[in-house]
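S.K.: Next come the chains, spelled out residue by residue.
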Amino acid sequence: MAETVTLRVKRRSAPDSRACWEEFRVRVPPTANVVAALKEIRKTPVNAAGRPTPPVVWDCSCLEGVCGACAMLINGKARLACTALLKDLAQPVRLEPLSKFPVVRDLMVDRTALFEGLKRAKAWIELDGTHDLGPGPRVQQSLQAWTYELSRCNSCGCCMEACPQVNGRSAFIGPAPLAQITRFNAHPLGESLRAERLEAARGPGGVHECGKAQNCEKVCPKRLPLVWAIAELNRQAVAYSIRQWLSR
Amino acid sequence: MRRLVVVGGGLAGLMAALKAAEAGVAVDLLALGPCKRSHSAAAQGGINAALDTLGEGDSPERHFDDTIYGGDFLADQTPVRRMCEAAPAIIHLFDRMGVPFNRTPEGLIALRRLGGTRFHRVAFVGATTGQQLLYAADEQVRRFEVAGLVKRYEGWEFLSAILDGSGRCRGVVAQELKSMEIRAFPAGAVVIATGGPGLIFGRTTNSEHNNGFAAAALHRQGVKYANGEFIQVHPTAIPGADKHRLISESARGEGGRVWTLRDGKPWYFLEEWYPAYGNLVPRDIATRAIFKVCVEMGLGVDGENAVYLDMSHMDPAEVRRRLEGILEIYQVFTGRDPCRVPMKIFPAVHYSMGGLWVDFDQMTNVPGLFAAGECEHQYHGANRLGGNGMLSAIFGGMVAGEAAVRLINAGEAGPVPSSLLEAEARREEEKVQALMRLDGPENPYRLHEELGEWMNDNVTVVRYNHQLKRTLEKIAELKDRFSRVGLHDTGLWSNQALSFTRQLGGMLDLAEVITVGALLRDESRGAHYKPEFPERDDANWLKTTIATYHPDGPRVTYEPVDLQFIKPRVRRYDTEEATRGG
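Just so you know, the protein sequences line up as chains U and X, in that order.
Note that the working numbering has the first sequence beginning at 1, numbered continuously upward.
Note that the working numbering has the second sequence beginning at 1, numbered continuously upward.
Careful, some of the hints might be misleading.
[What the hints assert, rightly or not] With a straight-line cut-off of 20 Å between C-alpha atoms, the simulated EDC-like cross-links for lysine to aspartate or glutamate are:
| id | chain 1 | residue 1 | chain 2 | residue 2 |
| --- | --- | --- | --- | --- |
| 1 | U | K10 | U | E23 |
| 2 | X | K178 | U | D110 |
| 3 | U | K43 | X | D480 |
| 4 | U | K43 | X | E442 |
| 5 | U | K43 | X | D439 |
| 6 | X | K469 | X | D480 |
[What the hints assert, rightly or not] Computed list of chain U residues with no C-beta within reach of chain X, every gap over 10 Å:
| id | residue |
| --- | --- |
| 7 | K10 |
| 8 | E23 |
| 9 | R25 |
| 10 | V35 |
| 11 | N47 |
| 12 | L89 |
| 13 | L118 |
| 14 | G211 |
| 15 | P225 |
| 16 | E232 |
| 17 | Q244 |
| 18 | W245 |
[To be verified] A short, non-exhaustive set of chain X residues, derived as facing chain U with CB atoms under 8 Å:
| id | residue |
| --- | --- |
| 19 | G33 |
| 20 | A41 |
| 21 | M97 |
| 22 | E106 |
| 23 | L108 |
| 24 | R112 |
| 25 | H209 |
| 26 | D242 |
| 27 | K243 |
| 28 | F360 |
| 29 | S418 |
| 30 | V432 |
| 31 | Q433 |
| 32 | L438 |
| 33 | R446 |
| 34 | G491 |
These are computed hints drawn from the structure, not numbers from a lab.
Remember, predicted model here, so these are calculated numbers, not experimental data.
Virtual Cβ for every residue (Gly too), placed ideally from N, Cα, C.
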């Protein structure tokens, strides 16, 4: 049993072109998500006024809330389009690209900044090599449990969108990359880069620029404990700074 | 030329890139999108390695035997044996990379069971193991990116291999999906790690990226495609309007039970039919059983094509700790809590055992062109065991990376002539121009939907020759209509319709390879089941299918299987003695 759904999509054919709204009416099953509606448009690329139009461009991949590709603004809220079920959304459903990243086309944005943030955060283990070096260190269940929570971050960008400190006038690295510093600093083998990560965390755009709005955690589709992770990182960075100052 | 091109940013591609970068070879890493969004992220249950931390007597040798047996003896035994021997070190490697594997109270890596083995052999991270392994490999590649050895081209689509006069691979041509720029990437060797072709079957458990285009394009260029007819249909997925969502085998590995109602009472048919393995029979067996119950016997839940996968008897806290990822998926998409009510599931297309033919060094029949991960054919024979998918992607990627480095270091090929690069880029430019001119009445997305429905209905769990023949006629019809496609988008910026239409062309080619292979193989083996030929026929069909491209349809030949370690025996899972051949 299909139902008719109305979508209003904010479209832009290229980064420098003007944005305009276009309305679509599609028939989808009652259990469908926003992605299913967008896919329906591709099959009949005609807008609500009956005029042919290029199919809407958006990013998606896994369609089950894991990969993070399909983040967009849905009725004004940053979230993943695949886990947004139409039956739960007020109509017309408004779809817009995330506003904190450069638009590529329609609902697709360029999230390179997130991955650059991971470079600044040195979010990795300094491995000796991929050859066989025997078992890694033993890890207690409690440590595994909370680091796993943070390692589920899929770089969707919702936290960056919701954070008032992430904007054109600030260099703030943003919640997602900062949380990875907390995670890697806690790993027994992550220790070797701890000082470098904390230098990054207290440098320009670092953890001190967090305004404690706590929006990040509220919008995170994976419900990562971002507020705690940033608070913990802040504590580490302050302690590190004091130690640096004392040892001068 | 001391440069490697890797196409594909999932586990296999990242491992190949890592191996090369470690050896000091510069890498151009091309992927459809950010590597973190690759389909490896969707792998859930875990990764096999005979770590035997439970003292059960597991060993790489048992892992090897289970894998060959599970694949119904169609896999070449040498590479499978090497993979099983390498598995424990691979787990240790990812552990050192910081993957938060679930732990035992002593802090060791916890293990659980998956199908087709009696051992606890699966290392896991909740139910998002693939995501965690992928991220770890991605992090290590990022390290080499910062060091300047790896350059990422994320958002680039592979178009073709550059082959020189001697037929050797000298690089690739790719297109940036944002600017639509076409560029040639010269290389001393190329590793293809572009994943499976699941999208051919329409709605599957696969990601949108799994279109098989790179493999199809290479097939057109003369690369052999092996065992294409072996398509795994996973027994437990949530049917959906946009895709079917996987519910990991680990739900059963942790104690979940499959049942339906018969005469008003729960009937645990897998446990009844397969007492030794119960709910943990391999996927081909479980899928056929669920099909039999729903389609043949009409005993699906609520009269639908569905059975229950039940975890409601298990301790919710423990389930959450070990399976959180799938609980979340079921809850979000159905609104029901699997800890309280049984999940309703049905089989869905999941994985391709077949793929580009490769030798034991992961090299295709084109010198200098390697393949690793789901896009190649080597490790799973006629059916893949749970927990071996990520293992084969990682191991294959490492083997391919190392072999490519050896080839590059041998340095026989010399610099790539620029005329060769320009000629191939120009050929691809012309193909794009031709695609852009398409303004016919057919919609590519609708054609794809039709293809998917036909393939799903006729070339999956139960196969009949007359239906396979009709499917080939349908594919021919779709190919004809494909020439009358209209793009609906003439933009030269992020034109997704262009890219999808191109992919659809490749899907039609591979659909033919899969269907022809299935039609010819008159036996039942692993995932390939024909009621008209219900037995495995080793005398006639214990051989690898090899498809070679021809404009009139694939030419199929066969090659012998490497059987040097384990003698083929009858495959049964009802008693342990039968499985062991005792």
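S.K.: None of the hints should be skipped; say for each whether it holds.
M.R.: Consistency of the hints with the structure:
no., hint, verdict
1, U:K10 / U:E23, "9 Å, holds"
2, X:K178 / U:D110, "10 Å, holds"
3, U:K43 / X:D480, "19 Å, holds"
4, U:K43 / X:E442, "10 Å, holds"
5, U:K43 / X:D439, "15 Å, holds"
6, X:K469 / X:D480, "17 Å, holds"
7, K10, "15 Å, holds"
8, E23, "18 Å, holds"
9, R25, "17 Å, holds"
10, V35, "5 Å, violated"
11, N47, "12 Å, holds"
12, L89, "14 Å, holds"
13, L118, "6 Å, violated"
14, G211, "27 Å, holds"
15, P225, "14 Å, holds"
16, E232, "17 Å, holds"
17, Q244, "24 Å, holds"
18, W245, "29 Å, holds"
19, G33, "7 Å, holds"
20, A41, "5 Å, holds"
21, M97, "5 Å, holds"
22, E106, "7 Å, holds"
23, L108, "6 Å, holds"
24, R112, "15 Å, violated"
25, H209, "6 Å, holds"
26, D242, "4 Å, holds"
27, K243, "5 Å, holds"
28, F360, "20 Å, violated"
29, S418, "30 Å, violated"
30, V432, "17 Å, violated"
31, Q433, "19 Å, violated"
32, L438, "14 Å, violated"
33, R446, "5 Å, holds"
34, G491, "6 Å, holds"
Consistency with the previously given hints fails for numbers 10, 13, 24, 28, 29, 30, 31, 32, ordered from lowest to highest.
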